[in-house]
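Given the coordinates of chain Z, work out where chain E should sit on it, guided by the hints.
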Amino acid sequence: MELTLAHLYPQHMNLYGDRGNVLALQYRAVHRGWGFHVVDVDLGDAVDWKTVDLIFMGGGEDTHQARIYEDFLRRGPELQALLDEGVPMLAVCGAYQLLGHHYRTADGAVLQGLGYLDITTEAGPSRAIGDVVCETTLPVTPMTLVGFENHGGRTFLGPEGTPLGTVRVGKGNNGTDGSEGAVKNHTLGTYLHGSLLPKNPQVTDLLLQWAANRQTGGPTPLPPLDSTREMAAHDVIVKRSKIRHV
Amino acid sequence: MRFALAVWLGRVAGWVSRLTGRGGSSLPGLVARRIDPQVFIRLSSHLPQGVILLTGTNGKTTTAAVASHLLRASGLKVIHNRTGANLILGLTATLLQASRFRLMPQGDLALLETDEATMPKASQESRPRAIVVTNFFRDQLDRYGELSTTVNFVRRGIESLADQGWLILNADDPQVAYLGENHPRVFYYGADLSAYASSPGGYDVADARFCPRCASPLHYRRQYYAHIGDYECPQCHFRRPVPDLLLVDWQGGASYPLRIDFRGEQFAVPNRLPGLYNAYNVMAAISLALLYDVTLAEISEGLEEFRPAFGRMEAVSIQDRLVWMALVKNPVGFNQVLETIQQDPHPDKNMLLIINDHYADGQDVSWLWDVDFETWLKSHPAGKFWASGIRAQDMALRLQYAGVDPDSITVIEKPSDALDDLLTKTAVGQVTYITPTYTALLEVRQYLTAKGYTKHFREG
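Protein chains in written order, with my numbering: chain Z, 1 to 246; chain E, 1001 to 1460.
I should point out that these hints are in silico values taken from the structure, not numbers from a laboratory. For every residue, glycine included, the Cβ atom is placed at its ideal position computed from N, Cα and C. It is possible that part of the hints are untrue.
Stated by the list, open to error - Stretches of chain E that chain Z covers, calculated by requiring three or more beta carbons in the stretch to come under 8 angstroms of a beta carbon on chain Z:
1) 1357-1368
2) 1385-1396
Said to hold, decoys possible - Label pairs and their computed distance ranges (CB to CB):
3) Glu-85(Z) with Ser-1148(E): 34 to 40 angstroms
4) Gly-1429(E) with Gly-33(Z): 38 to 44 angstroms
5) Leu-73(Z) with Gly-1403(E): 35 to 41 angstroms
6) Thr-1449(E) with Asp-235(Z): 28 to 34 angstroms
7) Pro-1406(E) with Gln-80(Z): 37 to 43 angstroms
8) Gly-124(Z) with Arg-1213(E): 27 to 33 angstroms
9) Asp-62(Z) with Ala-1162(E): 31 to 37 angstroms
10) Glu-2(Z) with Gly-1429(E): 45 to 51 angstroms
11) Lys-1378(E) with Gln-80(Z): 38 to 44 angstroms
12) Gly-124(Z) with Gly-1429(E): 54 to 60 angstroms
Said to hold, decoys possible - Chain E is faced by these chain Z residues, among others (derived, beta-carbon under 10 angstroms):
13) Gly-20
14) Ala-24
15) Glu-61
16) Gly-130
17) Thr-228
18) Arg-229
19) Glu-230
Next comes chain Z alone, as it looks inside the complex (with noise of 0.2 angstroms):
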């Protein structure tokens, strides 16, 4: 198996230590005994995306989000033809915002997204930082996900939308419905990092799961990997929390 990553905009959209995810997806790929390359796409690149099997895109500071904005969105159609085809993407924070319809800024201007996600942002009162534990409706054990939140976005889901899970300690989308990020097909939307996949592997092994179902056109077998690692870290926020593996 031979896997290809497009990490978007790593330069501009790198400010949680997002990299951690690439490294994540990396490690659980190469240590199956996968090939795994990362092509790095920046405004203007010319991408391949027939050979893409997986993307990734983090947040950025608000200056930095400006400077991709346009060339993001004039990727909207490609980039929304792979999702619809099943490419599975991991979009954290600022990412996740873009894939929804619009995020509201705290002046009242109003940035269109790229309306794959049935989403809006509005800016909110104050940032939401902290640890996040939450209860996720994707088919993976544990269903804890653990993470960091640091946002003053608020979304909201829209009827369409799917919540990736439910809060349990800390804010998630809006800090008032209970939900956090949003799942459609093989997109997952999210303010957690943390980073989010060193930590919750079962995540990591999911998206893998689906970028080798979809190349190979058939249910693909993973082979095993073991988590202990990455399960202790895991714990060592659902431990403090208070609360119990679900």
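Same frame as chain Z, now just chain E:
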């Protein structure tokens, strides 16, 4: 009257707090400011040569330690805050405790290491004669959200600089240098190291890749680490200002002199601190000393005698094992420490990494994933690793994902137990590097004091 009451009750609070073993770095400030909110303004206006504020992401403590050492060497009486007491309460406490029996602080000037977010208030109240800014890197974003917020705090601080006050700025950090644009009195320091090779192909978080004036990508003629180097904007031609004080030769290691060019005149000064980041700290300190008319001879002598601040790349001998300690708190600082470890030619280097996530450490440990362990490991000889602290498991996982053999990583969450284990499992003559976060550094100090190893330590 209100002022005198504030000073005395503040001091009493400090004595009581120290007697009861609580350190007391901010309580006196709290008490005094409650009684007289103007107390810091009055105290600082009494100092004949005023207040200097020193801020920036990395290097504050070391720079302040070197600078106050140099200023003292020239005969000035310098008031200087203790490590960590760099918020407004700590700054206030520093000034009101700068005399035991008189009302006013006894000193010529105060050199105050100041947290970035405290800059607006500290500057407004003290009207500093000089502000030193070392660098801006991503750091503890869980506190302020984004780096631009931090830069704005410092910018607001600069607005309250005294008339005729000076800025001392790192010319090689674009966001720092930009603070000096259109300012009439700026002293810039920087480096021109033609022989210095920055780690090519490595992963580096450069937070200021873009022009602070027009936001176009910057072009670097030389890039030493992160976004530190000689840059120019191809769009608006904003460029690295010509440094008044220029580092022209740096060989690494802790025993090579620094060659410096001061407005056309070259000289060499002794240097006891390893790492290029420390050379920048020394440059900032020399800049400040020069501005206060300290002579080159006094600077040279002062640097010869200088010993590092506690836990800032400081060496101690524990049971005949050489142990270096270097505080880590953000990716750029950690990368610089790793590079310094790499420059140590010792064949057998062990590491104890202690990661806590209290407020003072930064509660978000995701920055560990931005540290370039991958590139560093390629040239790191075999050695043992200990991961410790509240987030020991995250640290161990980071090392494992970077390619460290899982069998050579020992996870012991309690730092004192990890240190005990390390001392039993390493041989005499081996070198160990300890990289703790802030509160972990305090735990290590407590351990070393309890074991009687702290003779060599002094407060930074």
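**Study point:** Interface hint compliance - Gly-20(Z) to chain E, C-beta minimum distance less than 10 angstroms
**Key:** holds, 3 angstroms
Point to revise | Interface hint status, Gly-130(Z) versus chain E (Cβ within 10 angstroms) | key: This hint holds: Gly-130(Z) lies near chain E, its Cβ roughly 7 angstroms from the closest one there, short of 10 angstroms.
Practice item. Confirm or reject the claim that Gly-124(Z) and Gly-1429(E) have a C-beta distance inside 54 to 60 angstroms. Key: 56 angstroms Cβ-Cβ, so the 54 to 60 angstroms window holds.
Point to revise | Arg-229(Z) as an interface hint toward chain E, with CB separation required under 10 angstroms | key: holds, 5 angstroms
Review point. For the pair Pro-1406(E) and Gln-80(Z), does the Cβ-Cβ distance stay inside 37 to 43 angstroms?
Key: Given about 41 angstroms between the Cβ atoms, the range holds.
**Study point:** Outcome of range test on Cβ distance (Leu-73(Z), Gly-1403(E); 35 to 41 angstroms)
**Key:** holds, 38 angstroms
Check your understanding: Between Glu-2(Z) and Gly-1429(E), does the C-beta distance stay in 45 to 51 angstroms?
Key -> holds, 47 angstroms
Practice item. Confirm or reject the claim that Gly-124(Z) and Arg-1213(E) have a C-beta distance inside 27 to 33 angstroms. Key: holds, 30 angstroms
Practice item. Double-check Glu-230(Z) for me: the hint is only fine if its C-beta lies closer than 10 angstroms to a C-beta in chain E. Key: holds, 6 angstroms
Exercise for review: Three residues minimum, CB to CB under 8 angstroms: does the segment 1357-1368 of chain E make the cut for coverage by chain Z? Let me know.
Suggested key: holds (count 6)
Check your understanding: Cβ-Cβ distance between Asp-62(Z) and Ala-1162(E): within 31 to 37 angstroms?
Key -> Given a distance of about 33 angstroms, which is inside 31 to 37 angstroms, the answer is holds.
Point to revise | Status of the Glu-61(Z) interface restraint (C-beta, 10 angstroms, chain E) | key: holds, 5 angstroms
The structure fails none of the hints (numbered hints given earlier).
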